[in-house]
Amino acid sequence: MSAAAIDVYGLVKCFGNKVAVDGVDLKMPEGQVWGFLGPNGSGKTTTIRMICGLLTADEGGGQCLGFDIRKDANLIKQATGYMTQKFSFWEDLTIRENLAFVARLYRMPRMGRKIDETLEGLGLSQRQNQLAGSLSGGWKQRLALAAVTMHSPRLLLLDEPTAGVDPQARRDFWDEIHLLSSKGLTVLVSTHYMDEAERCDAIVYLAHGKLITQGPVHDIIDKAGLFSFRLVGEGVRELTEAFRGQSGVDHAAYYGNALYISGRNRNALEQAIRDVAPDHVTAEEVKPTLEDVFIELMEQAGTDKRMHG
Amino acid sequence: MFGNASRVSAVFTKELIQMRRDRLTFAMMIMIPIVQLILFGYAINLDPKNLPTAVVAEEQTPIVRSILQGLKVSGYYDIILETDDPHKSNELFASGQAVFLVHIPSGFSERLVRGDRPQILIEADASDPAAASNAVARAETIVNRALRHHLKGPLAFLNAAPEPADVIIQSRYNPEAITQYNIVPGLLGVILTMTLVMITSVAMTREVERGTLENLLAMPAKPAEVMIGKITPYVGVGAVQVIIVLLTARYLFDVPFQGTLSTLTFGVTLFIIANLSVGFTFSTIARTQMQAIQMTFFFFLPSLLLSGFMFPFRGMPHWAQWIGEALPLTHFLRIVRGVMLKGGSLIELQMEFLALAAFILAAGTVALLRYQRTLD
Ligand SMILES: Nc1ncnc2c1ncn2[C@@H]1O[C@H](COP(=O)(O)OP(=O)(O)OP(=O)(O)O)[C@@H](O)[C@H]1O
Ligand SMILES: [Mg+2]
Chain A
1 MSAAAIDVYG LVKCFGNKVA VDGVDLKMPE GQVWGFLGPN GSGKTTTIRM ICGLLTADEG
61 GGQCLGFDIR KDANLIKQAT GYMTQKFSFW EDLTIRENLA FVARLYRMPR MGRKIDETLE
121 GLGLSQRQNQ LAGSLSGGWK QRLALAAVTM HSPRLLLLDE PTAGVDPQAR RDFWDEIHLL
181 SSKGLTVLVS THYMDEAERC DAIVYLAHGK LITQGPVHDI IDKAGLFSFR LVGEGVRELT
241 EAFRGQSGVD HAAYYGNALY ISGRNRNALE QAIRDVAPDH VTAEEVKPTL EDVFIELMEQ
301 AGTDKRMHG
Chain G
1001 MFGNASRVSA VFTKELIQMR RDRLTFAMMI MIPIVQLILF GYAINLDPKN LPTAVVAEEQ
1061 TPIVRSILQG LKVSGYYDII LETDDPHKSN ELFASGQAVF LVHIPSGFSE RLVRGDRPQI
1121 LIEADASDPA AASNAVARAE TIVNRALRHH LKGPLAFLNA APEPADVIIQ SRYNPEAITQ
1181 YNIVPGLLGV ILTMTLVMIT SVAMTREVER GTLENLLAMP AKPAEVMIGK ITPYVGVGAV
1241 QVIIVLLTAR YLFDVPFQGT LSTLTFGVTL FIIANLSVGF TFSTIARTQM QAIQMTFFFF
1301 LPSLLLSGFM FPFRGMPHWA QWIGEALPLT HFLRIVRGVM LKGGSLIELQ MEFLALAAFI
1361 LAAGTVALLR YQRTLD
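These protein sequence lines map, in sequence, to chains A and G. For the record, in the first sequence the residue sitting at position 43 is 43 according to this note's numbering, with numbers rising by one throughout. Counting from 1 along the second sequence, just add 1000 to a position and that's the residue number in this note's numbering.
Just so you know, the hints here were simulated from the structure itself, not pulled from any lab data. C-beta atoms are modelled at their ideal positions from N, C-alpha and C, and glycine is treated no differently. Don't take each hint at face value.
[Stated by the list, open to error] Derived DEER-like restraints, expressed as beta-carbon distance ranges:
(1) G/Gln1291 with A/Lys18: 22 to 28 Å
(2) A/Glu291 with G/Ile1032: 58 to 64 Å
(3) G/Glu1325 with A/Ala3: 41 to 47 Å
(4) A/Glu299 with G/Asn1004: 49 to 55 Å
(5) G/Glu1325 with A/Gly16: 39 to 45 Å
(6) A/Asp172 with G/Asn1004: 33 to 39 Å
(7) G/Leu1305 with A/Ser152: 42 to 48 Å
(8) A/Glu59 with G/Gln1291: 28 to 34 Å
(9) G/Ala1027 with A/Lys18: 53 to 59 Å
(10) A/Phe15 with G/Phe1257: 53 to 59 Å
(11) A/Pro216 with G/Phe1297: 55 to 61 Å
(12) A/Asn40 with G/Asn1004: 37 to 43 Å
Looking at chain A on its own, in the form it has when it is part of the complex (with noise of 0.2 Å):
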């Protein structure tokens, strides 16, 4: 493996007496996609702020493309590309002006023509002059992945990159990512959509502030040791609150026409599908999926015991 792009231990940060990430251990090697998953207000955005120098770690430290992430912030933020949850550029200065800024920020030299490629790449070079602001929420995602990727980082940093962003265009940008990638960047990208997860080559689950596994995602499924059974037949959606009421059932979903029932007791499984189920319904195990997995893990992990203000 080669050297860790980021190499952080026991990360800890309050907001008053909140606790929003609770000793947080992170080592991702370079060059690599890492995806960061996990329930809303888990603690992702606030990890991902420590580890770029936005917010100082109450407790734990750690390196960042080898600075310090305590004393070298200047430094990791020349070389890393961040992209917010928010979109954070500049809606009444112009797609160009915008990209123009963050080229001087940077000293880029012969930015002009840095930024004419990156219109170019963008696709925006006719729309260039339209203010940033005015863009569809698509076009403002692939806006600021370009304005963060211009300067050439080698970490990139990516805060919900895709939400509420169409398929296409989610899968076009995923498509970037992996390029950027075998260009040699580092990409940690948080999300909430399980077949981006599944694009990744590791991901990181935090609940509750807490890391509570990593890994590649087959790994992790197999880790977790759960089952899971597709039930077909006639009437299987009325099943799945009688299902939820069993012991042994941690989850029940139905979709794409077929209830799924996952648990960690294959033998309860059975029993439950003994008992509620008709007849005419049949049953199949099946692989469980990341889904089942994540919604397994956060039922493990509990309510929040974190204070709260």
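Keeping the supplied structure of chain A fixed, place chain G with the ligands upon it in accordance with the hints.
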């Protein structure tokens, strides 16, 4: 020390564009000086006439009559009371109903005829000093012209004397009578204080409220670079305001200009930067734009009241003078009035320039210390 020029220019260009696009604010920056000048300038500076006057005449003679007639005809004085009871007239004067109090002592006419140059006392209420200035300035001429008219025939020899009567003018309530010329240069300082502090006080809070601060902080811009980049465009705005006010002062209000333009330019530049650094400091402290505006007014009011713009500086109690000394407007007023009205030079006004420079240093330091480098 001040960081990198490219990054300063990055912030500068961005601010310039945003300023240009924010038409309303831009229009306000241009309109405020014009509107204020017209309102203040005309309300205070136009040569006010028909000022209520109380007369205490201890004798009634044709000479006294013609003096009073002369005052009336001049148009400046509106005699609302004529009495021989000083108490009555004093009451009117104290309550502000009369702006002038004219005393003609008994035996005035007799001494005039003897060629004794008797005295007439005119007391002026100078609590609104500019209001009375012209009437005061012309009082002696008016009185003596009225008398000359009278001194004919056998009394003609009295006309040979420089002035037949001695008109003594006393300002009450406000010893340092401010003339209209004091107001317009002073307004220059007031306008710059109000508009420039306000506009920069939202410089950072606007980034916070729009959520763009996170992005700004995520990029490698140093506090000093952001500060200089953000306030420099407004030095230009301030310069435009200065030109507007000076042209108006010259062509609308005929304010003289005794000193040199370079001294004034130097003073104005320091003063503009001082105000911009105060504004920027506020914007690093305030959490919202609303708070920033409130802080601006918190700064603006004492500037208006304690700098010597509204009330004569030396007439204020000592504690107020101390506060006044800490405000840039106080020093700027001395510079601008000194240069424009008295022809003051850089050397003569050096203490004021030094005070402004010290103020900039202090405000800039506070701003840089307060500048948020993180989102904590
Ligand atoms: N500046 C702040 N002040 C106070 N509390 C904060 C602040 N920023 C975050 N928090 C709290 O810290 C917790 C973690 O927030 P964070 O934004 O890191 O979560 P997240 O995982 O990014 O959530 P989401 O998926 O909704 O973006 C939340 O409970 C949030 O309310
Ligand atoms: Mg978040």
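Hints and how they fare:
no., hint, in the structure
1, G/Gln1291 with A/Lys18: 22 to 28 Å, "holds (24 Å)"
2, A/Glu291 with G/Ile1032: 58 to 64 Å, "holds (59 Å)"
3, G/Glu1325 with A/Ala3: 41 to 47 Å, "violated (60 Å)"
4, A/Glu299 with G/Asn1004: 49 to 55 Å, "holds (52 Å)"
5, G/Glu1325 with A/Gly16: 39 to 45 Å, "holds (41 Å)"
6, A/Asp172 with G/Asn1004: 33 to 39 Å, "holds (36 Å)"
7, G/Leu1305 with A/Ser152: 42 to 48 Å, "violated (56 Å)"
8, A/Glu59 with G/Gln1291: 28 to 34 Å, "holds (32 Å)"
9, G/Ala1027 with A/Lys18: 53 to 59 Å, "violated (45 Å)"
10, A/Phe15 with G/Phe1257: 53 to 59 Å, "holds (58 Å)"
11, A/Pro216 with G/Phe1297: 55 to 61 Å, "holds (60 Å)"
12, A/Asn40 with G/Asn1004: 37 to 43 Å, "holds (39 Å)"
When held up to the earlier numbered hints, the structure conflicts with 3, 7, 9 and fits the remainder.
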